[in-house]
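> So the protein sequences, as listed, match chains C and Z.
Mapping of the first sequence onto my numbering: residues 1 to 219, in sequence order.
Mapping of the second sequence onto my numbering: residues 220 to 398, in sequence order.
In case anyone wonders, no lab produced these hints; they're calculated from the structure.
Treat each hint with caution, since some may be false.
Unchecked claim - Only pairs whose alpha carbons sit at most 25 Å apart, straight line, appear in this in silico BS3-like list of lysine-lysine: (1) Z:K280 x C:K106; (2) C:K193 x C:K151; (3) C:K193 x Z:K260.
Unchecked claim - Some residues of chain Z that are not near chain C, with every Cβ distance over 12 Å (derived): (4) M220; (5) S221; (6) D240; (7) M308; (8) P309; (9) L313; (10) C317; (11) L320; (12) T327.
Predicted model, so just to flag it, every value in this text is computed and none were measured.
Cβ coordinates follow ideal geometry from the N, Cα and C atoms, glycine included.
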Amino acid sequence: MILMSNNETSTAGLEESGVTLSDARLVEDVRRGDHDAYGGLVTRYERRLIGVILRFVHDTELARDLAQETFLRAFERLDQFDPSRRFGPWLFRIGVNLALDYLRRKKPRGWTSLFSEAGSDKSPDPSTADPRKEIDLRQEVQFVLEQIPEKYRTVLILRDLENFSTSEIAAIENRKEATIRWRLAEARSRFQKLWVKRNLNPDVVDSYLGDEEFTDELS
Amino acid sequence: MSCHDFQHKLALLVGEELEVDEAIAARRHTAQCPACRETLKQLSESWTALRAVGETPTEVKGGSLWPRVRAQVFPATVGRPQRDYPSWMPTATLAAACVALLIFVGSTPMLDNHAETASFVDPSFQLNLDETVDPAMYRNRAPVPGGMWSLSTVGQEHHGFGSPPSAVQHAGFGGFNEL
Chain C
1 MILMSNNETS TAGLEESGVT LSDARLVEDV RRGDHDAYGG LVTRYERRLI
51 GVILRFVHDT ELARDLAQET FLRAFERLDQ FDPSRRFGPW LFRIGVNLAL
101 DYLRRKKPRG WTSLFSEAGS DKSPDPSTAD PRKEIDLRQE VQFVLEQIPE
151 KYRTVLILRD LENFSTSEIA AIENRKEATI RWRLAEARSR FQKLWVKRNL
201 NPDVVDSYLG DEEFTDELS
Chain Z
220 MSCHDFQHKL ALLVGEELEV DEAIAARRHT AQCPACRETL KQLSESWTAL
270 RAVGETPTEV KGGSLWPRVR AQVFPATVGR PQRDYPSWMP TATLAAACVA
320 LLIFVGSTPM LDNHAETASF VDPSFQLNLD ETVDPAMYRN RAPVPGGMWS
370 LSTVGQEHHG FGSPPSAVQH AGFGGFNEL
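Turn these sequences into a full structure, and let the hints guide you.
Dropping the structure here:
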């Protein structure tokens, strides 16, 4: 997971004389014709963006291509960007929409190809006790996620896989935060029902849960 | 509040996204309701599986996208060496060169006005021409090629800039011959 908090997202990267340039400053510089300023924005967000898109398309090269297209679209629409808003959510909105558009255009695939692509994203690590468990769990989660309607799946991926806050997701989705919270609750409920019914190697999940009972923590 | 009303609350409870008072109410309800307790257990299991996958790093292979993006967004700049001077520098340099050239040309005597220039450089030059040369000396001689310049410099050293101009250059300056 490529995690970067909101603060890190807005401050990491380009520095000038020891002072980090804000996204707004870089956008302003780009609008004035400073090409290198856009390079600063690209290098600041590219890894995070590729990681998010990868959650949707499960193919590294495809994720890179879509991320590249995202930066091109963002540049073309930079005059439409409201500088009083944050650049990051605006950029991720373009990227997520591109990924969803790709998935809509793509023909439904069989499970074989889906799993083989998922497995190719991460080769087994010899240092892991049993890498098959990690890969199997990811495949199972992916399998269930694919059965959830897009608007719920998107929120679930952004919140529970990519750790965006609900306010950030609201900015990315251009919806009210209350709407995102409702969708998140609905998405988790749907995922839970499908997860229980999946009937695919339940031992994998149990190995991650261990002896700890979540309900005990809450009570 | 019914069990149905608590469904969404429980889904947000597992992610600790409820307000404090809402979380307390949800926990009280699950403590008393076996069905909701079972739902919460299943929600926590599925959510933990999601988080486990989320905490597994995604490998973002390859280098930066910037060279590829730059090639498409700014194709004219690709392959061109980076400028290490301000964009106004070439224009300013050209303007300065033009000004320097104008100053130099302005301070250089014009060939057509060499007599005035010569008198400016050496005021005695024109004076000598008027006072010491008796045109009568030349009345019975053939016209001197070169006109005034040749006449004025007979027996004298040249005081102007450079070499004396040729007769061709002074072809229109024949007023002296009328003397």
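> Confirm or reject each hint.
Consistency of the hints with the structure:
1. Z:K280 x C:K106: It holds: about 23 Å lies between the C-alpha atoms, which stays within 25 Å.
2. C:K193 x C:K151: 17 Å, holds
3. C:K193 x Z:K260: 12 Å, holds
4. M220: With a cut-off of 12 Å, Z:M220 remains clear of chain C, as the shortest Cβ separation is near 15 Å.
5. S221: Correct as stated: the minimum Cβ-Cβ distance to chain C is 15 Å, above 12 Å.
6. D240: 15 Å, holds
7. M308: 16 Å, holds
8. P309: Its Cβ never comes within 12 Å of chain C, the nearest being 16 Å, so this holds.
9. L313: Per Cβ check, Z:L313 is outside 12 Å of chain C; nearest 21 Å; holds.
10. C317: 27 Å, holds
11. L320: Correct as stated: the minimum Cβ-Cβ distance to chain C is 32 Å, above 12 Å.
12. T327: At roughly 42 Å from the nearest Cβ of chain C, Z:T327 sits farther out than 12 Å, so the non-interface label holds.
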